[in-house]
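Chemist: From just these sequences and the hints, can you work out the full model?
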Amino acid sequence: MSSRERILGRVRRALADVPPDDTPYEQVVRRDYLREHGERTVEQTVELLAENLADYRAVVHRCTEAELPSLVARLLADRKAGSVLVPSGLEAGWLAQADVSRVADRTESTPDDLDRVDSVVTACAVAIAETGTIVLDGGPDQGRRRISLVPDHHICVVRVPQQVVASVPQALERLAPARPLTWISGPSATSDIELDRVEGVHGPRTLEVLLVN
Amino acid sequence: MRVALFLTCVNDTLYPDTGRAVVKLLTRLGVEVDFPMAQTCCGQAHYNTGYRHEAEPLARHFSDVFGEYEAIVTPSGSCGAMIRELYPRMGERARAEGRGDTLAAVLAPVVPKTYELTEFLVDVLGVTDVGACYPHKVTYHPTCHGLRGLGLGDRPRRLLQAVEGLELVELPGAEECCGFGGTFALKNADVSAAMGADKVRNAESTGAEVLCAADNSCLMHIGGTMTRLAVGMRPVHIAEILASTEEETAV
Amino acid sequence: MSRTFVGMPVFPPPTHPAFPEAARDAVHNHTLRSNLRHATHTIRAKRARAVAELSDWDRLREAGRLIKDHTLRHLDRYLVQLEESVTAAGGTVHWAVDAAEANRIVAELVKATGESEVVKVKSMATQEIGLNEALLEEGIRAYETDLAELIVQLGNDRPSHILVPAIHRNRGEIRDIFRTEMGAWGRPAPDGLTDTPAELAEAARLHLREKFLRAKVGISGANFMVAETGTLVVVESEGNGRMCLTLPETLISVVGIEKTVPTWQDLEVFLQTLPRSSTAERMNPYTSMWTGTTDEDGPRAFHLVLLDNGRTDALADQVGRQALRCIRCSACLNVCPVYERAGGHAYGSVYPGPIGAILSPQLRGTASEIDASLPYASSLCGACYEVCPVAIDIPEVLVHLRERVVEGGVAVRQGNKVVLKPAKGHAAERAAMRAARWAFSHPGALRTGQRLASRTRRLHPRTLPGPGRAWSATRDLPAAPAEPFRDWWQRTRGGKDGAK
Numbered sequence: 001m002s003s004r005e006r007i008l009g010r011v012r013r014a015l016a017d018v019p020p021d022d023t024p025y026e027q028v029v030r031r032d033y034l035r036e037h038g039e040r041t042v043e044q045t046v047e048l049l050a051e052n053l054a055d056y057r058a059v060v061h062r063c064t065e066a067e068l069p070s071l072v073a074r075l076l077a078d079r080k081a082g083s084v085l086v087p088s089g090l091e092a093g094w095l096a097q098a099d100v101s102r103v104a105d106r107t108e109s110t111p112d113d114l115d116r117v118d119s120v121v122t123a124c125a126v127a128i129a130e131t132g133t134i135v136l137d138g139g140p141d142q143g144r145r146r147i148s149l150v151p152d153h154h155i156c157v158v159r160v161p162q163q164v165v166a167s168v169p170q171a172l173e174r175l176a177p178a179r180p181l182t183w184i185s186g187p188s189a190t191s192d193i194e195l196d197r198v199e200g201v202h203g204p205r206t207l208e209v210l211l212v213n
Numbered sequence: 001m002r003v004a005l006f007l008t009c010v011n012d013t014l015y016p017d018t019g020r021a022v023v024k025l026l027t028r029l030g031v032e033v034d035f036p037m038a039q040t041c042c043g044q045a046h047y048n049t050g051y052r053h054e055a056e057p058l059a060r061h062f063s064d065v066f067g068e069y070e071a072i073v074t075p076s077g078s079c080g081a082m083i084r085e086l087y088p089r090m091g092e093r094a095r096a097e098g099r100g101d102t103l104a105a106v107l108a109p110v111v112p113k114t115y116e117l118t119e120f121l122v123d124v125l126g127v128t129d130v131g132a133c134y135p136h137k138v139t140y141h142p143t144c145h146g147l148r149g150l151g152l153g154d155r156p157r158r159l160l161q162a163v164e165g166l167e168l169v170e171l172p173g174a175e176e177c178c179g180f181g182g183t184f185a186l187k188n189a190d191v192s193a194a195m196g197a198d199k200v201r202n203a204e205s206t207g208a209e210v211l212c213a214a215d216n217s218c219l220m221h222i223g224g225t226m227t228r229l230a231v232g233m234r235p236v237h238i239a240e241i242l243a244s245t246e247e248e249t250a251v
Numbered sequence: 001m002s003r004t005f006v007g008m009p010v011f012p013p014p015t016h017p018a019f020p021e022a023a024r025d026a027v028h029n030h031t032l033r034s035n036l037r038h039a040t041h042t043i044r045a046k047r048a049r050a051v052a053e054l055s056d057w058d059r060l061r062e063a064g065r066l067i068k069d070h071t072l073r074h075l076d077r078y079l080v081q082l083e084e085s086v087t088a089a090g091g092t093v094h095w096a097v098d099a100a101e102a103n104r105i106v107a108e109l110v111k112a113t114g115e116s117e118v119v120k121v122k123s124m125a126t127q128e129i130g131l132n133e134a135l136l137e138e139g140i141r142a143y144e145t146d147l148a149e150l151i152v153q154l155g156n157d158r159p160s161h162i163l164v165p166a167i168h169r170n171r172g173e174i175r176d177i178f179r180t181e182m183g184a185w186g187r188p189a190p191d192g193l194t195d196t197p198a199e200l201a202e203a204a205r206l207h208l209r210e211k212f213l214r215a216k217v218g219i220s221g222a223n224f225m226v227a228e229t230g231t232l233v234v235v236e237s238e239g240n241g242r243m244c245l246t247l248p249e250t251l252i253s254v255v256g257i258e259k260t261v262p263t264w265q266d267l268e269v270f271l272q273t274l275p276r277s278s279t280a281e282r283m284n285p286y287t288s289m290w291t292g293t294t295d296e297d298g299p300r301a302f303h304l305v306l307l308d309n310g311r312t313d314a315l316a317d318q319v320g321r322q323a324l325r326c327i328r329c330s331a332c333l334n335v336c337p338v339y340e341r342a343g344g345h346a347y348g349s350v351y352p353g354p355i356g357a358i359l360s361p362q363l364r365g366t367a368s369e370i371d372a373s374l375p376y377a378s379s380l381c382g383a384c385y386e387v388c389p390v391a392i393d394i395p396e397v398l399v400h401l402r403e404r405v406v407e408g409g410v411a412v413r414q415g416n417k418v419v420l421k422p423a424k425g426h427a428a429e430r431a432a433m434r435a436a437r438w439a440f441s442h443p444g445a446l447r448t449g450q451r452l453a454s455r456t457r458r459l460h461p462r463t464l465p466g467p468g469r470a471w472s473a474t475r476d477l478p479a480a481p482a483e484p485f486r487d488w489w490q491r492t493r494g495g496k497d498g499a500k
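Residue numbers (the UniProt record's numbering), protein chains in the order written: chain D, 1 to 213; chain L, 1 to 251; chain F, 1 to 500.
Keep in mind that the hints were calculated from the coordinates and are not lab data.
For each residue, glycine too, the CB sits at the ideal point set by N, CA and C.
Heads up, some of the hints might be wrong.
Residues of chain F placed beyond 12 Å of chain D at every Cβ, according to the derived structure [to be verified]:
id	residue
1	E133
2	G186
3	E202
4	D393
5	A423
6	G425
7	H426
8	A431
9	A439
10	L464
11	G466
12	T492
Each computed DSS-like pair below joins lysine-lysine, with the alpha-carbon atoms no more than 30 Å apart [to be verified]:
id	chain 1	residue 1	chain 2	residue 2
13	L	K113	F	K496
14	F	K496	L	K24
15	L	K187	F	K421
16	F	K111	F	K211
17	F	K216	F	K111
18	L	K137	L	K24
19	L	K24	L	K113
20	D	K80	F	K211
21	L	K187	F	K424
Modeler: Here is the structure:
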């Protein structure tokens, strides 16, 4: 007998007390919890996103579409970034004013190659106000998962209000499970020393989120 | 209203003052109290130590003795929780063991009419000011089974706040267990004693003269720790505070 | 002598003292007590605030309970569905009955890549099966990359907490471990390393960076597996998880079968309750979700090892199976007054605290001294149940397992129905319980005993001999009253005669 059959057999014997007409999933799980917490206008939801991102030490900037290229250029210059990783589908205009060398997101790049790049600029799939979270789904303007991980500085552009949802349930509705997803809430952090939170471990230690109208 | 006092075996044997206080308090509030002489023990210690089957005859006996009363009042959060929470579970377990519904049916009548003392005062009699006088500085320790089992909430505090002359001070870490836990106090004596010592130190830090709780088992542990650590405080059951009146304090 | 793990290792192998003895040293270790007190009290207050932010917490908790219970009640169906989904998405599914089989599968998969080192995401399941030790015997070195796991690994120590395995260490001790041990494992600690948490985190970053960048094989567990989509979820903070899940060419995830949830939508419950319960955050810094493999993004090969290792035995117990709802948040450890004073090591298992006290004796059985003592490692205060985000009634299961210890009875071990004998060492207690039951069934006998106690009260010693010493070593005994209540009641007709 294979281990698969053995385990499934054990499970079935263990559940001998469960009747064949046990209440089906759709009826058993009451989803009477809230779809979002509190009532907010669209602008208030964006405000909450900004607040919660900042609360977990992301640096938040707000600008218009027209101001975006100069803001991105300034942030990269402030970091003295010499190179920036660019997802293949990133809007070309975003980096138009930046004076840095652009590194394409390519299959052939080794982790060491990525480690030599100073910054990365990506878009996102959705942002969650209540938790201060941005979610990347590997779309063309976000690139492979590793490019937003290895460089120490991540600039993430969120289009507001259309990419912002209030809550976790609303975010899951918008996301496709088959895509590789990365949920990011602030820069990397740890609570492993005396259960006290410290920012900055393996992921980007600086996360800048640009909320673009 | 005819009410049976379920004093509990611990109070009957070791803390008769608490029993007398309950009788005095309820009588003062116009309640006719009876003490069924056949009462013994709810079976909690057996049940919680793993001897559920030994606890069953005690639960049946309890139901026999108290089944006919309108209400059953007990000055113990943990014994109250035993009857209200765990008697139904004993019935369920007997059913799961293929022994039918008999035990559940025998125990069912006593479950909804059993009240912990402060619950009975606040919810059934509808009083918070029981006309007591107790001119002392008191801190209150909510015992675990009263707090988390029965959900006594702020009832004991409301009763204490209405006592004339009583100064109620907040106990740091109030909701943390004192470390009694029945046979836990013997089986894990080191951890139990460490919890007890921390509870007593917290109580001492309030500057109160009295640590009050609604369960003498916990107070036995806390009080025994207090005298051993030579802390100048005394443990007092809430019934004894609520039963105190001006005439006595004047003496 | 060679030793084979057939289940979860009881460490330090082969035996571990019973809980009360194991806890004794911890109780009297002031540094440990102060480290644990500081850490657990910090997180307790934060958790309470994070939970209070959600007005529907009770409903989320109830939904979590229902989802998990339903899944467990139909686990066979959901496991088959999960296997189909993962396979359809490009993954390979393996089934492991016990620790030995899981370790063998992983070792063979690593060897097939030609690699001799792996990077690991913090995972309770791989701790449970002793994977690192098993891989080492096969010549494969496993690097722990979670900060706390790194501290434990470098210190040749044992984990003492589910979320923060090095919770028993303070910053000064961590600095010392980094200074003396990092060099032997790779890049040494920076010169002049201080004990500020930020510097310690930086030292870990530098030390592990080279390992992440060259790793070809990553090993993880998972917090959730979605049956309908085949998606696995890892919830973390530091980014070490992302490194291990995305940089290597091969990813092997070892996951307990109970981590399954039916649908994608179910995640909306647990992604709200888990972070707030564990690190007391609205959301943890990083959550990775992957479904099989993705072309040109992340590992090219993905293996899922589904682990039983005692879980089906627990599933067979109608009271005990609720322990399998656990999402490993650690809230019960952080709130437990016993854990706070005894420390995690006393539980003799990778699962310490209240959840460990009900999980270990179910996964491993109650035959060993430690496992038979774990159900008693609680005052039944109920704080664990109150904070549990999936409403596991831990006190109920503890009492149920106490019953199994003292009464024995039918249980399932390694898939077979067995009749357990009552545990040794409870004979005196059993006799006492029976005697008490007899006395309590005969009010006359009870009364005789009470009167005897009252009349001999002047003779009562202040301290007790034998088992009673456990009480009187630290607590005074209450003085017996002049008469029991029932005598007063009868004498005065309930005080109506006016007598005092």
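Chemist: Next step is simple, just say for each hint if it's right about the structure.
Modeler: How the hints compare with the structure:
1. E133: 21 Å, holds
2. G186: Check passes; 15 Å lies beyond 12 Å.
3. E202: Incorrect as stated: the minimum Cβ-Cβ distance to chain D is 7 Å, not above 12 Å.
4. D393: 18 Å, holds
5. A423: 23 Å, holds
6. G425: 29 Å, holds
7. H426: 27 Å, holds
8. A431: 34 Å, holds
9. A439: 37 Å, holds
10. L464: It holds; F/L464 is separated from chain D by about 40 Å at its closest Cβ, greater than 12 Å.
11. G466: At about 41 Å from chain D, F/G466 clears the 12 Å cut-off, so the statement holds.
12. T492: 54 Å, holds
13. L/K113 <-> F/K496: 26 Å, holds
14. F/K496 <-> L/K24: 10 Å, holds
15. L/K187 <-> F/K421: At roughly 21 Å apart (the allowed maximum being 30 Å), F/K421 and L/K187 satisfy the hint.
16. F/K111 <-> F/K211: The hint holds at about 18 Å.
17. F/K216 <-> F/K111: Holds, at roughly 12 Å.
18. L/K137 <-> L/K24: With Cα atoms ~23 Å apart, L/K137 and L/K24 stay inside 30 Å; holds.
19. L/K24 <-> L/K113: Holds. L/K24 to L/K113 sits at ~21 Å (cutoff 30 Å).
20. D/K80 <-> F/K211: This hinted pair holds, its Cα atoms lying about 27 Å apart.
21. L/K187 <-> F/K424: The hint holds at about 15 Å.
In this structure, the one hint that does not hold is number 3.
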